[in-house]
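Please work from the sequences and hints to get the whole structure.
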Amino acid sequence: MATATAPATAAPALAHRVVEHLPHRDGNAWTVAPYAAWWTTRPAARLTQAGRPGALILAAHPWRTEIAGQLD
99 MATATAPATA
109 APALAHRVVE
119 HLPHRDGNAW
129 TVAPYAAWWT
139 TRPAARLTQA
149 GRPGALILAA
159 HPWRTEIAGQ
169 LD
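In my numbering, each number is its position in the sequence shown, counted from 1, plus 98.
The set of hints was computed from the structure by calculation and includes no laboratory data.
Keep in mind that a hint or two might mislead.
Claimed, not checked - Between beta-carbon pairs, the in silico distance windows are: (1) Thr138 with His114: 16 to 26 Å; (2) Arg162 with Gly125: 10 to 20 Å; (3) Thr138 with Arg115: 12 to 22 Å; (4) Ile165 with Asp124: 21 to 31 Å.
Cβ atoms here follow ideal geometry from the backbone N, Cα and C, with glycine treated the same way.
Next up, the structure:
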């Protein structure tokens, strides 16, 4: 039985879609960077915004998406 896996580009592609809907703060848009989240082996993305502490971590799975907050 084969298991379904998401492509390695799923997390960054989804993250770019998410940042389109997040508000800009003081003219600063959100940025997306690849990330290795400690709680998953799946590819993840780190969403940050200049002037805002912390980050959002997005890990995409075929059956769910995990979003976590990360403090500095």
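Here is what the structure says about each hint:
no., hint, result
1, Thr138 with His114: 16 to 26 Å, "19 Å, holds"
2, Arg162 with Gly125: 10 to 20 Å, "34 Å, violated"
3, Thr138 with Arg115: 12 to 22 Å, "19 Å, holds"
4, Ile165 with Asp124: 21 to 31 Å, "23 Å, holds"
Figure legend: structure checked against the earlier numbered hints; the only hint not met is number 2.
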